[in-house]
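Combine the two chains into a complex, taking the hints into account.
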Amino acid sequence: MAKAYRIEVMACSGTGCVSNGSFQVIEAIKLELKKQKLDSEIEVIATGCNGICALGPILVVKPDNIFYKELSVKDVPYLVEEHFLKGRPIKKFMYTPPDEKEPIPLLNQINFFTKQVLVALRNRGLLDPEVIEDYIARDGYAALVRAITELTPEQVVQEITLSGLRGRGGAGFPTGLKWQAVRRSKGDLKYIICNGDEGDPGAFMDRSIVESDPHSVIEGMLIGAYAVGAQEGFVYMRNEYPLAVKRISIAIEQARDKGLLGENILGTNFNFDLKIVRGAGAFVCGEETALIASVEGRLGEPRQRPPFPAERGLWDKPTCINNVETWATVPVVITRGPRWFSSMGTMTSKGTKVFSLVGKVNNTGLIEVPMGITLREIIFDIGGGIIDNKAFKAVQTGGPSGGCIPANQLDLPIDYESLTLAGSMMGSGGMVVMDEGTCMVDIARYFLSFTSYESCGKCTPCRQGTGEMLKILTRITEGKGQPTDMETLEQLSLAIKEGSQCGLGKTAPNPVLSTLRYFKNEYESHIFKKKCPAQACRKLNEYIIDEERCLKTGHGCDICRKECAYDAISGQTKQAHKVIQEKCEKCGSCYDVCKFNAIKIN
Amino acid sequence: MAKLSIGDLVKIKEESKRKMNLRDGEFKAKITVHMGTCGIAAGARPIVDALLKEIEKKNIKDVLVTTSGCAGLCSREPMATVEMKGLAPVKYVELTDTKILRILTEHALAGKVVKEYALAVGSEKTSL
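Which chain is which? The protein sequence lines are P and Z, in order. For the first sequence, the numbering used here gives the first residue as 941, with consecutive numbering after it. For the second sequence, the numbering used here gives the first residue as 572, with consecutive numbering after it.
Treat the hints as calculated values from the structure; they're not laboratory data. This one's a predicted model, so the numbers in the text were calculated from it and none came from an experiment. Beta carbons: idealized from backbone N, C-alpha and C, even for Gly. Hints may be right or wrong, so weigh each one.
Covered stretches of chain P, as calculated for chain Z (at least 3 residues, CB under 8 Å) [stated by the list, open to error]: (1) 943 to 952; (2) 1076 to 1090; (3) 1413 to 1424.
Next up, chain Z with everything else stripped away, as it sits in the complex (with noise of 0.2 Å):
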């Protein structure tokens, strides 16, 4: 193993940066794929699997993505909710593999809406 030097050490930890956002929970955008049994069955996990893979290629270390249960519609799965720190979170429905690194690209990343997949901008209440 060679032997560190001092910006070796800065390296390290900007590799492995994104692992620790995980861990912190420190994100720019977060990704929540919804994965009820609905959302596996028209589709979902292929859609986790490309968000994953392209932020490996990209080396994207701020972009969270998570999952959730069923987000509610069921007839237009699969579903993902991005949500933009301190703004209202995003529903996108009928979503593909393509569709989903748009919203990757566009709006996690750009901070752009992509209104043609997007079904509302935000959540329903969770008490009166």
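Looking at chain P on its own, in the form it has when it is part of the complex (with noise of 0.2 Å):
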């Protein structure tokens, strides 16, 4: 008999979480309930991420709903006695957004949630992903069941095609279409791969989507594959995502010991087995073609396309490949039908879309939000605004292939299409906002390193011409731009693209293209006035001290002088000081230590 509970808290797990020590917290809280004898009554249970990472470690105390936010584990035994001893939920625990000075008590009140759609996220902080009863118990599986019993698999494909559902890992390919190749290519051997290879810098959807609810993606692959008629599947996973990987082995042996995996599936005489490869973290292995190599056990690069993995995909054989999050929404499709999918969105892209926000925004986290949203919704609605009031510069959609989109578009409703006319795309959907201290340049120049240095080497203008941008970049940050360095940027951009095989090289000049045309200001002002108006990069600033500043406010507190690596500053204890320009290599550490902001830069 189910035992019966008062409270349940939900306390998320979630790597983020986790790393800020919500591991400990919950063990705390089940010895401080054990101690109190509270036990049999409350309930704690491990949840996939919660979205607001910015705020962890959190609970949510449920049936109320209550909201808890960075808590450490000193405050356990108050937490335990004030609220689930004596029922009074303790205020200095909830959020306050920014500029507000009453907390806000509920979950659902909370701006960064109410604007939010979960499709793929239905289940986030509702259970507990190790438990398959959980899932069940949230309608899991009965898509699965309606798939089987109900539709044929042309029809399932049909349902899926339906629904406008596109490819969430980053290109956008209807899921439909690509099933309808995979199904009536020929051969009795067909695989299915879920790529949870998502390597883009800021972003973790996949990895939370794993982690928090990993029978979803399961259930997912399993329609998938009945409607393609596969029976063999991989999940690939990449290695530095431990948490994940656990999970989902769980899941898997879990489903597999329900029957829910193997053979003669619910009893019918469908069979599908899933296997997990993990991946050693190459950028480059999320692309398909060079995924299969990985999972065949080869060297992941790409090969030319077609032929298409739909029809020689695994091993040669036709093979449906789709990102976690494609996954992930396919059940809710079945149950509640593509004409309530496709009521969501724009006209080319049907449904919700989770992106990870992060950045110089208040709320950082993973959200999910109809598409069609505009970026402002996201970012100052959702994301509660710049952190300390300063002003937004720009946004960079879809990882390191992406680009950014300036303040002027913030309006812009975004979908697959209208991220592509902007100069960026959705990719995977990483979202990185950046202020005004933020230089352009200087962040095409950090996307260029990580594409040039995930680059796989096969095709030369991607391996040499990534690198080379990189050079004039990193030159042109250190104040030794040269007149000619933004046409050779823009030349070099298009014959990487037009050069290189796969879409890491095909996008990997999008972050310097984006930003020559809407920050090409800032690249003049680096090369000619060898300024940087975001006074980021340190190699153009010129240090120097307020030498009243300095002595009124600081009394000459000498910290300067010591701190400099060069003997670049002169004087000492209760006198003005002085920066001798001559000597001063800007490495900007007397503007870092100074207290008194005494130390500008010209």
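If you want it as structure tokens, here you go:
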């Protein structure tokens, strides 16, 4: 008989909260509950990512939906006694939005959550990812039942096609069409692959989905396998995601135990099984043909397409490869119907999309929103605006393959097409917000350093070209830019796009092209005036000391002189200090250590 | 582990219903036991115990038990408030575990207020 509880404590144990100590907090709560003899009345559940990672460790106390943030082990005894025993929710652990005084007690009243629509993340924070019964209790595997008992494989493909679902991994290829192609491909052996090789800096959508709801991915793959006629599948997860690998492994084992994977699934004649392949973390392995090579045990290098994997994929057999988020969305489309799904979104892009919102925004975290929402709503309503009320400068979407979108396009309703038109892309859903203190040339340099490092080296334009672009960008940020650099960058970009085989090379120049398009003035300032408008490129800054301030407020504290490794500061305690410009190497460490804001950047 | 049939999936879902109702905040009736220091001293905890045990025994799925702080009438603790979805809450005073079980059966499950234990219907205003 199921035990009755009066409170369920839903404690986030996504990677973000775990690194803030959530496992320790969970242990402490369990211990304290035992001490207070409340453990028979109150259950603690370690859930997957709750979304608002900036505030971790997070607890949501059910049934009242009280939201607590930034808890630590020492808060636990008070929390247990006050709230769990005496029923008095504790204000000081609640979330108070910036610019407001009163905390918001309830999760569903916090702005971050109210604008979100959860499809792929439907179960986040509501179940224990390591308990299959929790998933089943929330309609889990009901879509599979519907698919294999009520629908023919063709009808499943049709429903997915009708829903307008497009690949969530980046390219946005219509999922139904892909399934159709695999279904029609000849051959008795077909494969299904889940692409969980998420490698964009600052992106963690797929990791979170697998960590918080691994069965949703398995169920999606089962439905896909039934639709295209596959009997075997692979989940490709990068090894840098240990928690995700652990949870999907547990989930696969449980599903196999219960007969949801294996032979004669749910007593029908449908057979399908799954294996996990761990990736070693090469960015290029997110590209489908490179990923397939990696599963086969070969070097992770892309190959020419066509033939597409739908015709000749894994071991030359027809292969249906979709991204984690796509698979997690499939069961909902089957349960709630294609019309429901396509009622959300824009003309060309239906449903919802998960984004990881990071950078200079107050509420960093994981969000799911309907397609067609504007960037402004995401950054200012959900994200809570820019940290320290600074000015918004740009948002980078689509990871290192995407581009930077400037402030005058904040009202852009986002979908696959609008982002491409703006010079960026949907990508897998990374969103890096930048403020006035971000240098756009430096950002382009950062992303190029990533793609140049991650280029597999097969195509010369990508291998050599990204390296060359990186060299040019680096010298511009160091004040050694040449007048022809912008033109060279543009030419190189076009050549790399044209001459590379796979998506990595074809998109690597995007950060440069989009910043050249929207922030040309910053490039010009670096190259011709040798100045960085954002004052972020230190080599271009001239550091000077406001002598009056140094003496009056800092009393010549002498810390900057001691910090300077180049003996480029003169002065002594209780005297105004001075930078000796000829000796200054512009490392900026004096600027960092001055507590009195006496050091200025010229 | 035995392989599941389609019927088993429905059964698992049904068995977990109480837990999921708790997570979703879904209920037919909600019983709030007041657990201020006064309530605990007067014996509120055995009341919560009795409620949870009975819910477990009878496999009741849509009655939530929660606690809150002192209700302000410390001399008549232990107290509890029963709230039927969409109706005004009813406060009960000077409870014992037998009394609360009668309230659970008659009020929370059958919708009939147990008048002899009830203090009043409704709540204080929280703003003017």
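A quick look at each hint next to the structure:
no.	hint	verdict
1	943 to 952	holds (count 7)
2	1076 to 1090	holds (count 8)
3	1413 to 1424	violated (count 0)
Hint compliance for this structure: hint 3 is the single one not met.
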